[in-house]
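Going line by line, the protein sequences match chains E and R.
Heads up, the first sequence is in the working numbering, so the first residue is 1 and it goes up one at a time.
Heads up, the second sequence is in the working numbering, so the first residue is 1 and it goes up one at a time.
Among the hints, erroneous ones may be present.
Straight-line Cα separation of at most 20 Å, SDA-like style, residue types lysine to any residue; simulated pairs [said to hold, decoys possible]: (1) R/Lys56 to E/Val116; (2) R/Lys60 to E/Lys71; (3) E/Lys57 to R/Thr28; (4) R/Lys52 to E/Asn103; (5) E/Lys57 to E/Glu78; (6) E/Lys14 to E/Gln80; (7) R/Lys52 to E/Thr104; (8) R/Lys68 to R/Gln38; (9) R/Lys60 to R/Leu46; (10) R/Lys68 to R/Gly1; (11) R/Lys52 to E/Val116; (12) R/Lys52 to R/Thr28; (13) R/Lys56 to R/Tyr30; (14) E/Lys14 to E/Asn103; (15) E/Lys57 to R/Gly9; (16) R/Lys60 to R/Ala27; (17) R/Lys68 to E/Leu96; (18) E/Lys11 to R/Ser72; (19) R/Lys52 to R/Thr70; (20) R/Lys60 to R/Thr70; (21) R/Lys60 to E/Glu105; (22) E/Lys14 to E/Phe65; (23) E/Lys11 to R/Gly61; (24) E/Lys11 to R/Gly41; (25) R/Lys56 to E/Met89; (26) R/Lys60 to R/Gln45; (27) E/Lys57 to R/Ser79; (28) R/Lys60 to R/Tyr30; (29) E/Lys57 to R/Asn2; (30) E/Lys57 to R/Lys60; (31) R/Lys68 to E/Asn103; (32) R/Lys56 to R/Thr70; (33) R/Lys56 to E/Thr104; (34) E/Lys71 to E/Val116; (35) E/Lys57 to R/Ile94; (36) E/Lys14 to E/Met89; (37) R/Lys52 to E/Pro70; (38) E/Lys57 to R/Val82; (39) R/Lys108 to R/Lys52.
Source of the hints: derived by calculation from the structure; they are not laboratory data.
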Amino acid sequence: DTGVSQNPRHKITKRGQNVTFRCDPISEHNRLYWYRQTLGQGPEFLTYFQNEAQLEKSRLLSDRFSAERPKGSFSTLEIQRTEQGDSAMYLCASSLGDEIYVNTEAFFGQGTRLTVV
Amino acid sequence: GNSVTQMEGPVTLSEEAFLTINCTYTATGYPSLFWYVQYPGEGLQLLLKATKADDKGSNKGFEATYRKETTSFHLEKGSVQVSDSAVYFCALRISDMRFGAGTRLTVKP
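Okay, chain R solo, but in the shape it has when bound (with noise of 0.2 Å):
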């Protein structure tokens, strides 16, 4: 079936250091991919998507391409700062869609 695997967290970073949170998928067919985030005590909100192989997606710094060789749709920010502190998901959409166990990132100042 169609699923995705996250990076385990907790993930703890300083201030102004690189982001990498790892996020793989399997599907069957031609998956789009999503991050959404979820600050704390606030629902999921999409944070950028990408819908087909070789699509960057980016918002407030973040990116993520999808790559379909890999199966992957790893997320990046160059710097974080303490108010990107949340918990984040990858999910792919074919009919309905589905979500990783997210990764709860915590910067420090």
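The following block holds chain E by itself, in its conformation from the complex (with noise of 0.2 Å):
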């Protein structure tokens, strides 16, 4: 297993459209998170699920956001309309997730950097 893997690393779009990114976990991961990270800032929280189901998604995530994991391996996070205050990294993670494994790390992987022009 190579880590979590997140396609595609670099995206410009045009404002307006509509952008889609794909995050692999670690294969025996069955929680997936998604962040995003703006210059100079920690990673914020955007959504996480457990195997297939999406079981907290944050407040400050418009509903322009949709994020999925069909099957509980590969997840999408979907940004429609996009506007240039989107531009950002966003991260995916994965750890394992049910309770005996609480005090488990997350891994990351290395990002897409979206810019929106």
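Reconstruct the complex from the two isolated chains, following the hints.
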């Protein structure tokens, strides 16, 4: 297993376009997280999944954002009608998620850098 | 809600100086605590962790002790090196994982 993989690594899009990012977690990890990170800030929580179930979604997350994890493996994050303020690094992480693994860390991908022009 | 507050940076030190980066947390329940590091051009990686009160996490000369009474998890290193220059993030986990804003450390030779 090569770790958490994110694609694409970079995306430039015009304002108003839709974009979709993909995350492939570590294979045995049932928990998957999406974060957004802007320059000089820490990762801001967006949402997370336990297997295919989306358990929590940040109140700060616009309804233009949607995430799926249809088979409990890879996940996609879609942003509709992108705005310049969506420009950021989008990070995916995965971890073991059952109660007995509550103390385990999350492993991060390299991120997808989105630039909205 | 659950949150982490970190000492604001940037922090600039000379090589072999002592480092402290403060971190305090607010949580319902009993979180696990983590320090992550992000080197220039690289992704976030775990530096150390502690899972219960009074535990000490350590790695690469860095240490942090889980202090329940002060809700703190301060990062320390006795003698920093130029290669320690990075951004350091404190984080907590109960269900999901929440991060502080990060502290940029620059170590000069």
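Results for each hint:
At roughly 43 Å between alpha-carbon atoms, R/Lys56 and E/Val116 are farther apart than 20 Å, so this suggested pair is violated. In summary, the hint linking R/Lys60 to E/Lys71 is not supported, as the alpha carbons are separated by about 38 Å, beyond the 20 Å threshold. Only pairs whose Cα atoms come within 20 Å are accepted, and E/Lys57 paired with R/Thr28 is accepted, the gap being roughly 18 Å. A threshold of 20 Å between alpha carbons decides the hint, and for R/Lys52 with E/Asn103 the separation of about 9 Å falls inside it, so the pair holds.
With a C-alpha separation of about 14 Å, the suggested pairing of E/Lys57 with E/Glu78 holds against the 20 Å cut-off. With a C-alpha separation of about 11 Å, the suggested pairing of E/Lys14 with E/Gln80 holds against the 20 Å cut-off. Between the alpha carbons of R/Lys52 and E/Thr104 the distance comes to roughly 12 Å, so the proposed pair stays at or under 20 Å and holds. Restraint check: the Cα-Cα separation between R/Lys68 and R/Gln38 comes to about 26 Å, which exceeds 20 Å; the hinted pair is violated.
A distance of roughly 11 Å separates the Cα atoms of R/Lys60 and R/Leu46; the hinted pair therefore holds under the 20 Å criterion. At most 20 Å may separate the alpha-carbon atoms for a hinted pair to count; R/Lys68 and R/Gly1 meet this at roughly 17 Å. For a cut-off of 20 Å, the pair hint linking R/Lys52 to E/Val116 is broken: about 42 Å separates their Cα positions. Under the criterion of a C-alpha separation no larger than 20 Å, the hint pairing R/Lys52 with R/Thr28 is consistent with the structure, at around 14 Å.
Only pairs whose Cα atoms come within 20 Å are accepted, and R/Lys56 paired with R/Tyr30 is accepted, the gap being roughly 16 Å. At roughly 41 Å between alpha-carbon atoms, E/Lys14 and E/Asn103 are farther apart than 20 Å, so this suggested pair is violated. Between the alpha carbons of E/Lys57 and R/Gly9 the distance comes to roughly 29 Å, so the proposed pair goes past 20 Å and is violated. Between the alpha carbons of R/Lys60 and R/Ala27 the distance comes to roughly 28 Å, so the proposed pair goes past 20 Å and is violated.
Distance hint between R/Lys68 and E/Leu96 is unfulfilled; the C-alpha atoms sit about 25 Å from each other, more than 20 Å. Restraint check for E/Lys11 and R/Ser72: not satisfied, since their Cα atoms lie roughly 38 Å apart, outside the 20 Å limit. At most 20 Å may separate the alpha-carbon atoms for a hinted pair to count; R/Lys52 and R/Thr70 meet this at roughly 14 Å. Between the alpha carbons of R/Lys60 and R/Thr70 the distance comes to roughly 25 Å, so the proposed pair goes past 20 Å and is violated.
As the CA atoms of R/Lys60 and E/Glu105 are separated by approximately 17 Å, the hinted pair is consistent with the 20 Å bound. Simply put, E/Lys14 and E/Phe65 have alpha-carbon atoms about 16 Å apart, close enough for the 20 Å limit, and the pair holds. Between the alpha carbons of E/Lys11 and R/Gly61 the distance comes to roughly 38 Å, so the proposed pair goes past 20 Å and is violated. Using a Cα cut-off of 20 Å, the hinted pair E/Lys11 and R/Gly41 holds, with the two alpha carbons roughly 17 Å apart.
In summary, the hint linking R/Lys56 to E/Met89 is not supported, as the alpha carbons are separated by about 32 Å, beyond the 20 Å threshold. Note on R/Lys60 and R/Gln45: the hinted pairing holds, with a Cα-Cα distance of about 13 Å set against a maximum of 20 Å. Restraint check for E/Lys57 and R/Ser79: not satisfied, since their Cα atoms lie roughly 41 Å apart, outside the 20 Å limit. For the hint linking R/Lys60 to R/Tyr30, the alpha-carbon distance of about 26 Å lies beyond 20 Å, and the restraint is violated.
A distance of roughly 14 Å separates the Cα atoms of E/Lys57 and R/Asn2; the hinted pair therefore holds under the 20 Å criterion. The straight-line distance between the Cα atoms of E/Lys57 and R/Lys60 is roughly 35 Å, outside the 20 Å bound, and the hint therefore fails. Restraint check: the Cα-Cα separation between R/Lys68 and E/Asn103 comes to about 16 Å, which is no more than 20 Å; the hinted pair holds. With a C-alpha separation of about 15 Å, the suggested pair R/Lys56 and R/Thr70 falls inside the 20 Å cut-off, and the hint holds.
Distance check on the hinted pair: R/Lys56 and E/Thr104 sit about 15 Å apart at the alpha-carbon level, within 20 Å; holds. In summary, the hint linking E/Lys71 to E/Val116 is not supported, as the alpha carbons are separated by about 30 Å, beyond the 20 Å threshold. Between E/Lys57 and R/Ile94, the direct Cα distance comes to roughly 15 Å. Compliance with the 20 Å bound is thereby established for this hinted pair. Under the criterion of a C-alpha separation no larger than 20 Å, the hint pairing E/Lys14 with E/Met89 is consistent with the structure, at around 16 Å.
Restraint check for R/Lys52 and E/Pro70: the C-alpha separation of about 34 Å exceeds 20 Å, so the hint is violated. Of the pairs offered as hints, the one joining E/Lys57 and R/Val82 is violated, with about 39 Å between alpha carbons and a cut-off of 20 Å exceeded. Proximity of R/Lys108 to R/Lys52 is assessed by CA-CA distance (about 35 Å); at most 20 Å being required, the pair is judged violated.
Consistency with the previously given hints fails for numbers 1, 2, 8, 11, 14, 15, 16, 17, 18, 20, 23, 25, 27, 28, 30, 34, 37, 38 and 39, ordered from lowest to highest.
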